[in-house]
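Peer 1: Chains G and H supply the protein sequences, listed in that same order.
Using this note's numbering, the first residue of the first sequence is number 1, and each one after it goes up by one.
Using this note's numbering, the first residue of the second sequence is number 430, and each one after it goes up by one.
These are computed hints drawn from the structure, not numbers from a lab.
In this text, all values refer to a predicted model and were calculated from it rather than measured experimentally.
Possibly wrong hints are sitting among the right ones.
DSSO-like mimics (lysine-lysine), calculated; alpha carbons at most 30 Å apart, straight line [unchecked claim]:
id	chain 1	residue 1	chain 2	residue 2
1	H	728	G	314
2	H	501	H	518
3	G	314	H	751
4	G	60	H	501
5	H	832	H	743
6	G	60	H	743
7	G	343	H	751
8	G	314	H	620
9	G	89	G	31
10	H	460	G	157
These stretches of chain G come out as covered by chain H in the derived footprint (C-beta under 8 Å, 3 or more residues) [to be verified]:
id	stretch
11	370–382
12	419–429
Built from N, CA and C at the ideal position, the CB exists for glycine as well.
Residues per chain, in single letters:
Protein chains: 2
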Amino acid sequence: MKSKNLTQKMISASRVNIGDRISIETKDLKKEGVLMPHHAFSDENIITIKLDNGYNIGIKVDESTKISLVEKGKKPVKTIKEIPFDKKKPTVSIVGTGGTIACYVEYRTGAVFPASTAEDLAFAVPEIFDIANIKANVAFQIFSEDMTVDHWRELAKIIADELNKGSGGVVVPHGTDTMGYTAAALSFMLKNLSGPVVLVGAQRSSDRPSSDAVQNLLSAVNVAACSDIGEVVVVMHGEISDSYNLIHRGTKVRKFHTSRRDAFKSVNIEPIGKVENGEIKIENKYRKKTKGKVVVDDKICSDVAMVYFYPDLKPEDIPERKGIVLVGTGLGHVSNNIIPRIKQLIREGSIIVMTSQCFFGRLNMNVYSKGRDLLKMGVISCEDMLPETAYVKLMWALGHSKKPDEIKKIMQTNIIGEISDRTKTNCYF
Amino acid sequence: MKSKNLTQKMISASRVNIGDRISIETKDLKKEGVLMPHHAFSDENIITIKLDNGYNIGIKVDESTKISLVEKGKKPVKTIKEIPFDKKKPTVSIVGTGGTIACYVEYRTGAVFPASTAEDLAFAVPEIFDIANIKANVAFQIFSEDMTVDHWRELAKIIADELNKGSGGVVVPHGTDTMGYTAAALSFMLKNLSGPVVLVGAQRSSDRPSSDAVQNLLSAVNVAACSDIGEVVVVMHGEISDSYNLIHRGTKVRKFHTSRRDAFKSVNIEPIGKVENGEIKIENKYRKKTKGKVVVDDKICSDVAMVYFYPDLKPEDIPERKGIVLVGTGLGHVSNNIIPRIKQLIREGSIIVMTSQCFFGRLNMNVYSKGRDLLKMGVISCEDMLPETAYVKLMWALGHSKKPDEIKKIMQTNIIGEISDRTKTNCYF
């Protein structure tokens, strides 16, 4: 058995239990609230309490912190309140996958496992019931770095099912680490969307006072319930402060910061819009939702590798695969020493596409002789597509054709906003 | 023999030669100047002329363009003017390596090969002689994507030699594609710098009116001649307009745009300073130049691979190498399915370090269990280091020790500004 950590020791020494109303006093502050359970994801020295205003805060404790019981809790916490169904409101399905945002929900509900019922969510972020009727599901509960092609497939099916059964939109709480990849994958796999599909995450879990989980989830439900978007989008903080959320196109968004709340940026296009003070402001072109049936097109060939180029990359480090996404330099270059390997792989049937490790801007493989040579030998330019999106799209293209010419055509045709007609150079830092 | 392209045909039909004063009239403009030679790198439909103000412009021509002779040129162009030596001015060595910026020089000098003498440079950017006495060398002439560890070594030796022979600073014109990698490599390899080492490039070649080559080269020579910086820095445009150049630390800079002139951004720190209207403004901490002898420390082990993580990365795509830089997600994560491969490689003696594909922000491998598990098995956190810098540093660390504990210590010790004490979260978009 594992030895108890500091918070566990302090809690048992103070003879308080999860659900009890307690008082915590540190050198800096004194707070009263309901003791929430500790989550495996969070810092060992954090104790989380739910304040009377409904929000949770995490308090860093040390040996000198004083904890005392104010009032024993009533059990079970889960059934305090009933969730009304309002037929005038749209219905939004929430399909959980895990990640930091899920931790939040767990604290609020008093459950260590993710919120799986509408009641759980009511205690987590009760404000969402002002916007919509909520149908809550959990697809899986994993760290997003463990998401695979099979998870994308499963998720696409659940989302299509929810929309086809009548939900007006779907919200997918997701770990931020690979949210961009999943958003791109769902963009290609979900056809004829009858409502918005909104991926949402949190950069800070709710055991930290600066958590972005509540605002992000509220804005995501808002977009899912009240917008006429028929695309897969990512809704995250637009700034470091809580001023607004941005609505990013799923094929054009990338995480650029390990910890800032505005880690997600649209690349080479402006975001579709924003959510500010509960109001959705559409600012750019988007695909509108349809009235038809959502179709899952998950013909995907996962035999694809992504190879990030660097000086002295060894030719043999480019693996043999049906598809290879090169993340080249600048306008779409790699070194001379790997050219023979590229030729060989193409001769043996690999489809090789080029993207840029600059991320911003468009490839132009016609400027320098290197680029022209690569084009001549059959390397396909991905224009202003993100490497992550090109990776997903190449899998999808290989699932739809075995013919190199057709695959090339698919890669170079804009399917769901992944290639811009003209790259806006103002969409930069 | 290759058939003539449009510009070649038009030039011979108009009976004009390189060096002649000509007039060009297109639908949009009419210009007079000296006809410059066509460079292999530039668009086939561009004719470059040197205007009377000393600058070159590239003019797009088509069948309707009119070209006529104004005055026959005098030959040879190269020896029109003599370069004075002014003993009151500092001496700057220019060590060419190739890239777009070299094309510029070529146009100005009328040479298809890079400027290799002070006279060549005088006709290219004569303003640099107002700042310093110039010693010009060409180390090699390659596209920067073809730079290798051996080129870094050669370059380091030439630079040290120039400084030790009395130059006050060195300017290295370099292709922009891998300029960040070279800047990081030189940062580790050059010890005890007695003057600034300034890498400089151009995003637009001089056959385009929007070329950034002149301003960048001028600012670079200015920093090399007049600052007391004892670091390797990158000097490039600070904005899309010509308002100022930024001085970036060599270990903290990355190219983030395929074509914008302000493609280079300092990551997780503020730039050291700027050059505005010919004035150097130092705004942040930097290492000052010394009076000693510059030493080349090029003990480098190039048996290192960089692996960019993505969903469904196959374990076997992580090669067996003495060193591996993982470019993981978020705070420093990878998927469960590659954990056994990482364990195996570490057991077999590989040193594995972690960086983030977010680029901005700091790793924190203590937040989630995945990160803690990776640390436990021996993966080394690179804190807020760029993946490209970590790649170079790991080669350098492996060249300096065979002992895992010592290598770890080197990787986690800030040597030349590659790790910040505290990551400034405002250094972002």
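Peer 1: Now look at each hint and say whether the structure bears it out.
Peer 2: Structure-based check of each hint:
1. H:728 - G:314: Cα-Cα ~20 Å, so holds.
2. H:501 - H:518: At roughly 37 Å apart (the allowed maximum being 30 Å), residue 518 of chain H and residue 501 of chain H break the hint.
3. G:314 - H:751: The given pair, whose Cα atoms are some 14 Å apart, holds under the 30 Å limit.
4. G:60 - H:501: violated (81 Å)
5. H:832 - H:743: holds (29 Å)
6. G:60 - H:743: Violated - the C-alpha atoms of residue 743 of chain H and residue 60 of chain G are around 39 Å apart, more than 30 Å.
7. G:343 - H:751: Between residue 343 of chain G and residue 751 of chain H the Cα gap is close to 28 Å, so the pair holds against 30 Å.
8. G:314 - H:620: holds (29 Å)
9. G:89 - G:31: Measuring from Cα to Cα gives roughly 37 Å; hence the hint is violated.
10. H:460 - G:157: The given pair, whose Cα atoms are some 63 Å apart, is violated under the 30 Å limit.
11. 370–382: Violated - the stretch 370–382 of chain G has 1 residues with a Cβ nearer than 8 Å to chain H, which falls short of three.
12. 419–429: holds (count 3)
Against the hints set out earlier in the document, violations occur for numbers 2, 4, 6, 9, 10, 11.
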